Each structure stands twice: as C-alpha cells, then as structure tokens.
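Residue numbers (this note's numbering), protein chains in the order written: chain F, 4 to 280; chain E, 46 to 322.
Fair warning: there could be bad hints in the mix.
Derived list of chain E stretches under chain F, where covered just means 3 residues or more per stretch with a C-beta under 8 Å from a C-beta of chain F [claimed, not checked]: (1) 231–243; (2) 282–291; (3) 311–319.
Computed spacing ranges between beta-carbons, pair by pair [said to hold, decoys possible]: (4) F/Asn150 - E/Leu270: 24 to 30 Å; (5) E/Asp88 - F/Pro233: 54 to 60 Å; (6) F/Thr185 - E/Lys187: 40 to 46 Å; (7) F/Thr115 - E/Lys187: 40 to 46 Å; (8) F/Gly97 - E/Lys251: 48 to 54 Å; (9) F/Ala83 - E/Thr278: 38 to 44 Å; (10) F/Asn150 - E/Val158: 57 to 63 Å; (11) F/Thr115 - E/Asp248: 36 to 42 Å; (12) E/Asp160 - F/Pro192: 22 to 28 Å; (13) E/Gly221 - F/Gly5: 34 to 40 Å; (14) E/Lys251 - F/Thr185: 31 to 37 Å; (15) E/Ala266 - F/Asn150: 36 to 42 Å; (16) E/Thr278 - F/Trp123: 41 to 47 Å; (17) F/Asn150 - E/Lys322: 22 to 28 Å.
Bear in mind the hints are in silico, worked out from the structure with no lab data behind them. Since the structure is predicted, the reported quantities are computational estimates derived from the model, not experimental observations. Even glycine gets a Cβ: it sits at the ideal position worked out from N, Cα and C.
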Amino acid sequence: MGRVEGKVAFITGAARGQGRSHAIRLAQEGADIIAIDACEDQPNIPYPGATEADLAETVRLVEALDRRIIATKADVRDFAALKAAVGDGVAQLGRLDIVSANAGIGVDPRLTEDVPEEVWTDMLDVNLSGVWRAAKAAIPHMKAAGNGGSIVLTSSAAGLRAYANASAYVSAKHGVVGLMRTLALELAPHMIRVNSIHPTQVDTDMIQNEATYRLFRPDLEHPTREDFAPASQTMNALPIPWVEAIDISNAVLFLASDEARYITGVTLSVDAGSNIK
Amino acid sequence: MGRVEGKVAFVSGAARGQGRSHALRLAQEGADIIAIDIEGQIDSVPYGMSTPEDMAETVRQIEALDRRIIATKADVRDFDAVKAAVDDGVAQLGRLDIVSANAGIFSFGESDVLDEQHWQDMLDVNLTGVWHVAKATIPHLKAAGGGSMILTSSDAGLKGMANIPHYVAAKHGVVGLMRTLALELAPHYIRVNTLNPTTVNTDMIKNAATYALFAPDLPTAEQTLENIQPRFTAMNALPIPWVEPVDISNALLFLASDEARYVTGVALPVDAGWLLK
Chain F
4 MGRVEGKVAF ITGAARGQGR SHAIRLAQEG ADIIAIDACE DQPNIPYPGA
54 TEADLAETVR LVEALDRRII ATKADVRDFA ALKAAVGDGV AQLGRLDIVS
104 ANAGIGVDPR LTEDVPEEVW TDMLDVNLSG VWRAAKAAIP HMKAAGNGGS
154 IVLTSSAAGL RAYANASAYV SAKHGVVGLM RTLALELAPH MIRVNSIHPT
204 QVDTDMIQNE ATYRLFRPDL EHPTREDFAP ASQTMNALPI PWVEAIDISN
254 AVLFLASDEA RYITGVTLSV DAGSNIK
Chain E
46 MGRVEGKVAF VSGAARGQGR SHALRLAQEG ADIIAIDIEG QIDSVPYGMS
96 TPEDMAETVR QIEALDRRII ATKADVRDFD AVKAAVDDGV AQLGRLDIVS
146 ANAGIFSFGE SDVLDEQHWQ DMLDVNLTGV WHVAKATIPH LKAAGGGSMI
196 LTSSDAGLKG MANIPHYVAA KHGVVGLMRT LALELAPHYI RVNTLNPTTV
246 NTDMIKNAAT YALFAPDLPT AEQTLENIQP RFTAMNALPI PWVEPVDISN
296 ALLFLASDEA RYVTGVALPV DAGWLLK
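When you get a sec, could you build the whole thing from the sequences and use the hints?
Here you go:
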C-alpha cells in the first residue's frame with residue numbers, strides 16, 4: 004500500500020523540475036494528481052519557461068504509473084484560472100487531500116537598488132501571491148471534505164536567510180513562511196496541516212542557466228555547469244553542489260503522508276546544511 | 046524493501062516509550078538495533094523509570110520482527126558504559142548507520158526553588174548524555190562512510206516554558222549541539238538533526254507528578270488524566286492533547302532514511318503546531 008494511497012494532490016508548476024518530480028513521487032505512492040503550470044516564458048526571467056509539451060510529458064509519466072492526472076494550463080497569477088482548474092480536478096477525481104504550492108520563478112541577479120519595479124512585482128506576484136492563490140483555491144475543497152489534509156508550500160533556503168543580489172526572491176520566499184504560519188493556525192481546527200520546504204540549490208533549469216552561472220562565477224566569461232558546481236557547493240555544509248528534485252519530493256511525500264499527521268507550522272530545510280553555515 | 050533495510054541503529058532509552066517505539070519502527074523497516082537504557086531510577090525524577098523487564102519486552106518485540114537486537118543496561122551519564130555498549134553492538138552487528146539519542150528525563154521546579162541535584166541530573170542526562178552518545182558513535186559512523194544522527198530535543202528546545210528551566214536549558218543545548226555536530230560531520234556525510242516533540246503520550250507525562258504540575262489549582266483527587274487533557278490540548282494548534290510515540294518514530298525514520306540524504310542541521314518539530322501559538 005502506497006504512503007498516500009487513495010489521496011488526491013494538487014500541484015502547481017507541475018510541467019517540469021520539482022513540480023513534475025512531486026507529481027511522480029506522489030503518484031508512485033498511490034495519489035492521483037491535479038496539475039497546473041503556466042507553460043509560458045516568464046518576463047524578466049533569464050531562462051525559458053515550461054511548455055505545454057513539458058506538461059504533457061508529466062501527464063504521460065503519471066499515467067504510466069496507472070494513476071489519474073487532470074492537467075490544466077493555468078498561471079498562478081490568475082486566481083480565476085486556478086480556482087477553475089482545482090474545481091474541475093476535484094469534480095473529476097472526487098476529493099482533495101494534498102496541496103503542493105510549488106510554482107516559482109528564479110532570480111534575475113541584481114543589487115536591490117537596481118531592481119526594476121516590474122521585476123520586483125513579478126517576483127512577488129508569482130512566488131508569494133501565487134502561493135496564496137493556490138491555497139485559497141484549494142482550502143474550500145479540503146474543508147468541505149472534512150478529511151483534514153496537508154498543504155506544503157515551497158519556500159527556499161532563501162526563505163530563512165538572505166543572499167545578496169536576490170532581494171525580491173528572498174523577500175517573497177520569506178513571505179511564504181509568514182503565510183505558512185498563518186495558514187497553519189487558521190486551518191489547525193480543521194486538521195489541515197501547513198508546512199514549508201526550504202531547498203538549497205536544486206538541479207533544475209532554474210539554476211542550471213547562464214545567468215546563474217555568471218552570478219556564481221563573475222570571474223569567468225562563459226562559465227559552465229562544471230565551473231558553477233564548486234561555487235554552488237560553498238553554500239552547503241555537506242560536500243555536494245546541489246540536491247536533486249527527488250530529494251525535495253521525498254520531503255513533500257513525508258509531510259503529505261499520514262506519517263506526519265501531527266506536523267504543522269514547520270519550516271523543513273532540505274538544504275545540505277546551508278542554513279547552519 | 047524496508048526504508049532502512051540492512052542498516053544498524055543505536056537507540057538510547059530504548060526500554061520503553063519513544064525509544065522502544067523508535068527501535069520497533071526502524072526494525073519494521075529493516076534495521077538491526079543496538080539498545081541501551083538505564084533500567085533503574087534517578088532520585089530527582091518524580092515518576093518510575095524503566096526496568097529490566099521493560100528492556101526484555103523491547104528485545105522480544107524486535108526479535109518478533111525477525112531483526113537482531115543487542116541490548117545493554119547502560120546509563121547515558123556514564124560515557125565508558127555507553128562506549129562499551131556501542132562498541133559491543135557494532136562488533137556483533139557489523140556496522141552503525143543510525144543513531145537515536147533519545148534517552149531523557151523530566152522533572153520540574155521554578156528557577157528560584159529548583160535544587161542543585163534536580164538541575165545537575167537534568168543536564169547530565171538530557172544534554173551531556175546526548176553528547177556521550179554522539180561521542181561514542183561518531184567513530185563508527187565515520188568508519189561506515191556516512192550516517193544519520195537524530196537527537197531528541199523538544200519544543201522546549203526552541204521556546205521557554207515556566208517551571209522547567211533545567212529541561213528548557215538542556216533541550217536548547219541539544220539544538221546547539223546538533224548544529225555544531227552537523228557542521229563538524231558534514232564532510233563525512235554524517236547528517237545530524239533534532240526532533241522537537243510536543244507532549245508525547247508516554248509515562249513521562251502520564252504520572253501524578255505531571256498532572257499536579259499542569260493543574261496546581263485543582264485538589265489532588267481531581268488531578269486526573271481526564272482533567273488535564275484539555276490543558277494539553279490548549280497548548281497545541283491542532284485540536285489534540287498529545288502525539289503518540291509512533292509519530293516521533295515516523296519523523297525519525299524519515300530523517301534516518303536515504304530519503305533525507307541531504308537533510309542536515311534541521312530542528313524538526315513534531316508538535317501539532319505548538320510553536321505557532
């Protein structure tokens with residue numbers, strides 16, 4: 004029997020990267036999936052966005068596990084679209100137990116005084132307000148079912164400490180912690196648990212791009228993944244440059260499962276010790 | 046295949062309560078066990094501590110799962126005894142991968158009236174005893190090329206609580222010790238984390254002395270579990286009075302397993318949201 008057998012999980016940003024990994028890991032353990040992704044390039048972000056082909060691949064991978072998945076192209080900046088996608092998914096799959104508010108955009112590195120208004124606003128709109136909208140869309144279904152549930156918000160190591168040249172990202176991810184704690188208090192009487200996850204660098208497109216390489220290796224004209232690795236490793240206590248998406252998924256699975264039935268209000272770092280350095 | 050299949054775990058305070066539950070949960074998932082407990086009384090502790098019969102029952106339950114267990118009567122205040130038990134267990138079981146520094150005591154008294162013996166016993170067991178366990182096991186974990194050490198702290202390791210200054214100080218100290226160990230051992234791929242439980246349903250809280258602590262306003266005859274229960278519930282965000290030992294064990298299993306291979310330096314509350322309140 005799977006560790007989340009018979010449950011239904013809603014995942015934002017599910018087309019690729021961590022979100023796809025979460026969908027697969029939860030499906031492996033018996034969950035059906037409601038998936039959304041913007042499937043578009045994001046403005047002011049120095050790497051390409053996910054595509055509809057990416058989301059279709061997530062669907063294929065979940066269905067290959069004999070689980071059901073309802074996937075919708077929807078942007079977390081659009082509450083009406085989110086609400087419709089969740090409502091449709093719950094109508095088809097019958098319930099909602101788990102929420103992974105995972106969708107997020109990465110850093111366009113700049114000093115705080117050089118951040119343009121629209122870059123700041125986009126960051127907060129996706130990485131903080133988008134998390135709130137995902138929760139807002141899901142909570143009525145979880146309350147109505149009366150089964151309790153588990154909401155996992157993806158923050159970051161940068162949700163608990165600062166990094167230079169990433170003030171909008173750091174601010175949004177800190178905001179996610181405040182939102183998590185508030186939701187955990189509000190939803191505790193309904194036995195709905197809310198926790199946040201705080202990854203160090205994860206080996207996905209969000210960090211594996213030239214802008215991030217340049218941020219970490221300003222000394223090189225054309226830094227590569229291999230040049231980036233030792234610089235990235237200096238963030239961590241464990242001698243590794245980054246973690247894999249599956250490591251975050253395993254933490255999401257733990258928090259989503261009944262093994263964590265009394266864990267709420269927690270900031271869970273999956274960060275190779277970056278927070279203690 | 047079990048989630049800690051083929052691994053060997055050391056558990057202090059394994060005769061009953063959380064320690065026994067940890068041993069059982071890890072054995073269910075494929076680990077062999079090295080167990081110690083004081084199997085005796087400390088005079089400043091206001092409830093009955095473990096007995097040789099308790100440890101015999103832990104051994105019986107582990108062996109019923111077809112796992113091996115090497116159990117030794119040893120007090121965590123006695124480093125030589127802890128070291129001998131660890132060395133003997135590793136000699137017989139072949140390796141060491143997981144350490145649960147779980148042994149602990151509870152007593153109480155306001156700071157200005159607490160006597161020297163209560164203070165010293167608490168620090169000796171709940172803080173120095175944890176260091177002794179770490180010190181005795183680290184050489185074996187280094188020899189194994191990695192591992193997971195889980196120190197049992199408490200929500201009282203992260204916030205203050207009246208009437209238990211020595212407990213709060215010792216459990217805070219465990220968090221500091223964990224963070225230091227996590228840094229020191231990261232180069233060896235040894236991860237170190239704490240568990241920070243709320244009230245757990247064990248003999249440590251289910252005793253007349255604890256009832257009196259939580260209901261000083263009631264006549265002795267009314268200081269019953271039934272009357273105390275709402276007061277425990279009021280401490281938590283989730284509407285429950287306490288968690289069960291298996292809830293702590295499930296969190297320990299996650300941290301012990303390879304699913305948490307990059308989780309280190311983390312204080313993980315299993316506290317029904319107590320810290321939020």
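Tested hints:
| no. | hint | result |
| --- | --- | --- |
| 1 | 231–243 | holds (count 5) |
| 2 | 282–291 | holds (count 5) |
| 3 | 311–319 | holds (count 7) |
| 4 | F/Asn150 - E/Leu270: 24 to 30 Å | holds, 29 Å |
| 5 | E/Asp88 - F/Pro233: 54 to 60 Å | holds, 55 Å |
| 6 | F/Thr185 - E/Lys187: 40 to 46 Å | holds, 43 Å |
| 7 | F/Thr115 - E/Lys187: 40 to 46 Å | holds, 43 Å |
| 8 | F/Gly97 - E/Lys251: 48 to 54 Å | violated, 40 Å |
| 9 | F/Ala83 - E/Thr278: 38 to 44 Å | holds, 39 Å |
| 10 | F/Asn150 - E/Val158: 57 to 63 Å | violated, 48 Å |
| 11 | F/Thr115 - E/Asp248: 36 to 42 Å | violated, 54 Å |
| 12 | E/Asp160 - F/Pro192: 22 to 28 Å | violated, 41 Å |
| 13 | E/Gly221 - F/Gly5: 34 to 40 Å | holds, 38 Å |
| 14 | E/Lys251 - F/Thr185: 31 to 37 Å | holds, 33 Å |
| 15 | E/Ala266 - F/Asn150: 36 to 42 Å | holds, 40 Å |
| 16 | E/Thr278 - F/Trp123: 41 to 47 Å | holds, 43 Å |
| 17 | F/Asn150 - E/Lys322: 22 to 28 Å | holds, 24 Å |
In the structure shown, a violation is registered for the earlier hints numbered 8, 10, 11 and 12, in ascending order.
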